[in-house]
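K.L.:
Residues per chain are reported as follows:
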Amino acid sequence: MISEVRNPVEPFLRMDRMPHIWCPGCGIGTTVNCFTRALIESKVDLDHVTIVSGIGCTGRVAGYVKLDSFHTTHGRAIPFATGLKLANPKLNVIVYSGDGDLSAIGGNHLIHAARRNIDLKIVCVNNLIYAMTGGQTAPTTPNDAVTSTAPYGSYEPAFNLPHLVEAAGAVYVARWTTYHVRQLARSMQEAFAKKGFSFIEVLSPCPTLYQRRNKLGDGLETMKYYKEKSKVRNGAPTSEVGLTMQGEIIVGKFVDRDRPDYRELMRHRLAETLGERYVECEELVCS
Amino acid sequence: MHADARGVLTGVHFLDGDHACCEGALTAGARFASGYPITPSTEVVERFAARVPTLGGIFIQMEDELAASIALQGAVWGGAKAFTVTSGPGFSLMMEHIGYAAMTETPCVFVNVQRGGPSTGLPTLPAQADMMQARWGSHGDYGVIALCPNSPQECFDLTIQAFNFAEQFRVPVMLMMDEVVGHMTEKVVIPPAEQIEIFPRRHTSKPPADYLPYETNGDMVPEMAHAGEGYKFHITGLTHDQRGYPVMTVPAQDKLVRRLQQKIERAADKIALYEEEKVDDADVVVVSYGITSRVAQRAIELARAQGRRVGKFRLITAWPFPEHRIRQLAQKTKAFVVPELNLGQMVREVERTAGGLARVLPVSHAGGGVHRPEDILQAILEAA
Numbered sequence: 001m002i003s004e005v006r007n008p009v010e011p012f013l014r015m016d017r018m019p020h021i022w023c024p025g026c027g028i029g030t031t032v033n034c035f036t037r038a039l040i041e042s043k044v045d046l047d048h049v050t051i052v053s054g055i056g057c058t059g060r061v062a063g064y065v066k067l068d069s070f071h072t073t074h075g076r077a078i079p080f081a082t083g084l085k086l087a088n089p090k091l092n093v094i095v096y097s098g099d100g101d102l103s104a105i106g107g108n109h110l111i112h113a114a115r116r117n118i119d120l121k122i123v124c125v126n127n128l129i130y131a132m133t134g135g136q137t138a139p140t141t142p143n144d145a146v147t148s149t150a151p152y153g154s155y156e157p158a159f160n161l162p163h164l165v166e167a168a169g170a171v172y173v174a175r176w177t178t179y180h181v182r183q184l185a186r187s188m189q190e191a192f193a194k195k196g197f198s199f200i201e202v203l204s205p206c207p208t209l210y211q212r213r214n215k216l217g218d219g220l221e222t223m224k225y226y227k228e229k230s231k232v233r234n235g236a237p238t239s240e241v242g243l244t245m246q247g248e249i250i251v252g253k254f255v256d257r258d259r260p261d262y263r264e265l266m267r268h269r270l271a272e273t274l275g276e277r278y279v280e281c282e283e284l285v286c287s
Numbered sequence: 288m289h290a291d292a293r294g295v296l297t298g299v300h301f302l303d304g305d306h307a308c309c310e311g312a313l314t315a316g317a318r319f320a321s322g323y324p325i326t327p328s329t330e331v332v333e334r335f336a337a338r339v340p341t342l343g344g345i346f347i348q349m350e351d352e353l354a355a356s357i358a359l360q361g362a363v364w365g366g367a368k369a370f371t372v373t374s375g376p377g378f379s380l381m382m383e384h385i386g387y388a389a390m391t392e393t394p395c396v397f398v399n400v401q402r403g404g405p406s407t408g409l410p411t412l413p414a415q416a417d418m419m420q421a422r423w424g425s426h427g428d429y430g431v432i433a434l435c436p437n438s439p440q441e442c443f444d445l446t447i448q449a450f451n452f453a454e455q456f457r458v459p460v461m462l463m464m465d466e467v468v469g470h471m472t473e474k475v476v477i478p479p480a481e482q483i484e485i486f487p488r489r490h491t492s493k494p495p496a497d498y499l500p501y502e503t504n505g506d507m508v509p510e511m512a513h514a515g516e517g518y519k520f521h522i523t524g525l526t527h528d529q530r531g532y533p534v535m536t537v538p539a540q541d542k543l544v545r546r547l548q549q550k551i552e553r554a555a556d557k558i559a560l561y562e563e564e565k566v567d568d569a570d571v572v573v574v575s576y577g578i579t580s581r582v583a584q585r586a587i588e589l590a591r592a593q594g595r596r597v598g599k600f601r602l603i604t605a606w607p608f609p610e611h612r613i614r615q616l617a618q619k620t621k622a623f624v625v626p627e628l629n630l631g632q633m634v635r636e637v638e639r640t641a642g643g644l645a646r647v648l649p650v651s652h653a654g655g656g657v658h659r660p661e662d663i664l665q666a667i668l669e670a671a
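From first to last, the protein sequence lines are chains A and B. For the first sequence, our numbering gives the first residue as 1, with consecutive numbering after it. For the second sequence, our numbering gives the first residue as 288, with consecutive numbering after it.
Honestly, the hints are just simulated from the structure, not real lab data. Among these hints, one or two may not hold up.
Result set (DSS-like, lysine-lysine): computed pairs, CA atoms no more than 27 Å apart in a straight line [claimed, not checked]: (1) A:K66 - A:K43; (2) B:K557 - A:K66; (3) B:K493 - A:K90.
These stretches of chain A come out as covered by chain B in the derived footprint (C-beta under 8 Å, 3 or more residues) [to be verified]: (4) 17-31; (5) 269-278.
Bear in mind that the values here come from a model prediction, so they are computed numbers and not experimental data. Positions of the beta carbon are idealized from the N, C-alpha and C atoms, including for glycine.
For reference, chain B alone in the conformation it holds in the complex:
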């Protein structure tokens, strides 16, 4: 289906990433957000609070991130598309409810405009150090999706993608922005509503008597009903069966938890979006994401000017990690260079996936700023 034109500000805009993210959410059909103020993410919901009352929706500022991250899930079960927005300390507080969304298969979006950590860290300055937390932050095993925009345009585009993936796979989707992308202002083109694909809610077509909340078919994703429709269903964070009833057994746990992971893994090749350039005959492939990919671009150009064969691989989806493609490239290239604004997170995935077939050189940065292109260039030259 197409986006509802009422929420779509079709045209050419000059927006920062936070505001573009808000427009992406409205375009995707989000009409409910619950938030708690935190720098550098708050502008997303500030704009939402101003815009959504004219579109028949609600913004509520909750008393903390625990409340924000569960209120949106209540809204989803009431029928809405909903999201919340936060940064590091708030993201830590939301972890329990990311787990609840994963367990109850509540389609929703968590935006994290990353700042320096740990703890209060650097409230106004960038980092990319929550990447592993996005994948593993809540307790237990589950599958999630995480996307990393590198421009305000992508903040718009990938917010829509995040909602679409959330609905398609019934998972919490993390939009992993960073402070620079959130606060940089660039051209953002919003297409006409009829050119924007929206994945609709997977609402059951069964009558209440035949409906089982967690019955699945081939793609392992169950169909939803909303409260108030007469289904009288039960939802719990406890391990449950197809009826949604708690079952405390080894087989029930095995069946449910494996499905929660496999429904994402089996579709990983479709979810794992990336951008690549001149990787086929590259000696060195630079793997980067978010704002770092734009600094890496400069380093790649400098290296090419020196005659080096350097490829670019940009992660658009961080989770599930594009394992197949990195494994293919590992067979052809000598080395991967992985700059990121942390002390080495996604580089571990590159290492694991390369499986020793290619060297992997991290270019770490503790956050608070971005890399100097020269530092990435040096790693490229060392690797080549």
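So here's chain A without its partners, still in its complex pose:
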């Protein structure tokens, strides 16, 4: 008898949407595997987990995960998620999107949600370019890298995302690569349990558009680079974790701190000022 062996992540995926659109060697699927493992380990009630994506290759994650899932507009996953979380605080809201979506067109929302400490878990898959549209320069593209819109190499300074979100107020900041699957899943699990604005950056290969154009080999070659050049430095000052082209990658959990989230601040202020007139909102469900 041949017994059928199913992949344990299948129950978390919309199998009727397979095959997915991601290229061979792309790391986004790996991060989704880690995400489902984190969900399993967290033992969270999946009915209360909601995923919100923006636009781009990583933006497609919301469409493949079997949860209440929203594929929103370019850059606006975070403000959509803000409204969703405020309307129903029972939801565990995960924003899953790419570096261009979250830090360029959505950059303003990223810093303001961190400042407000909205209780959202951000998974930012960073492939260093805009992949969906053909490999253009992103705010994360390292100096010297060739992109379709920087054919002679990029000369713009790149964002150091952990530094940015820590400065803006995030309570949990970590970075891993798609080589660090166990560490990434653990970080996701920690973020799920953490109240406030959490940010996990995951470096991921784009063999089709970034590695190929820069003659850096395939997905496997990138895994070797991640393995050889990554250094785990938990608690590293985020000012020191900026990325350079093919340089050392500082990974780890950089920030894990507590400060009251938006809802708590709102509740405290309004209760103090309005006293008994304040009616606390639990769920804003209309009839």
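Following the hints, position chain B against chain A.
P.N.:
Structure of chain B alone, referenced to chain A:
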């Protein structure tokens, strides 16, 4: 169902249009607003921010209009009734999310207290020059509803109507106020809650296993589920099928986009609200809306005093445009006179609908003030 009495300030008030709009939203059951400050609309959310914490709701001031116009949609999918408020420049920034609401069929309300444009234009002065933007401003084809109040009382009444239409048809509804209506103060009567009809959310009664987010029946409007209820549904701005899954084909696009438009068009006669007076034997019918309708009223009275047979037709709903009625009137009347605070927007609809059966005379005004009644009178006399 009736309004929740907790949000209803039953009584006789002296309110400006912006504040009346806020009371309309609270009466309709809105318990979430996300906004970004912009003159001359901000008073709506200022009042909401003061009132809603006592009613179990939330106001959040977002970092820009892009954020405001999508945060409210997140709140709707979380279960709330939600809206935002803006004026010209902010309305331009919200266009993408009006399209997202149309595509995802998110019931919500966008209030635009119109000011002079283009660009920063006249922040503190009136215009009605966003009327075409309200209909066509986001890319692609879709149906929307737009209402235009002409008094603080109507700012209250039509805000409730806007929420009711949004829920009934699952569309973004635009409440197209103008600076004068927003800032004028008049008597506003708020009836008892049990006299106010509220259209409830079209929540699915199906169990998760049987639910398809975009399955529709006769009226072409699908039923909603909220996040966190176990439905595990998917919503996307991409062209999608009944399951909500992206489908990049010509038939899927045709089916979806035609439905988004037709669900409004087929109900247009019910949505297209208007007020008319002495139109049946009129030689000239003045078509106007918002603050301009009140200036037109004076011009109509002056013309009648001179013995002219002048009818009044006031658009309460701008979109969908009341085509049937204007076409009927075009067969009886010699001419339409269309004053508006723009260089000719709704007049194009009157022209198109009249189809050459009656003359159509625009009375344009670039905004910043209102017409002089004499200018409208002159057009009436010329037309008659």
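K.L.:
The structure should be examined with respect to each hint, and the outcome stated for every one.
P.N.:
How the hints compare with the structure:
{"no.": "1", "hint": "A:K66 - A:K43", "result": "holds, 16 Å"}
{"no.": "2", "hint": "B:K557 - A:K66", "result": "violated, 39 Å"}
{"no.": "3", "hint": "B:K493 - A:K90", "result": "holds, 22 Å"}
{"no.": "4", "hint": "17-31", "result": "violated (count 1)"}
{"no.": "5", "hint": "269-278", "result": "holds (count 4)"}
Of the numbered hints given earlier, the model fails hints 2 and 4; all others are met.
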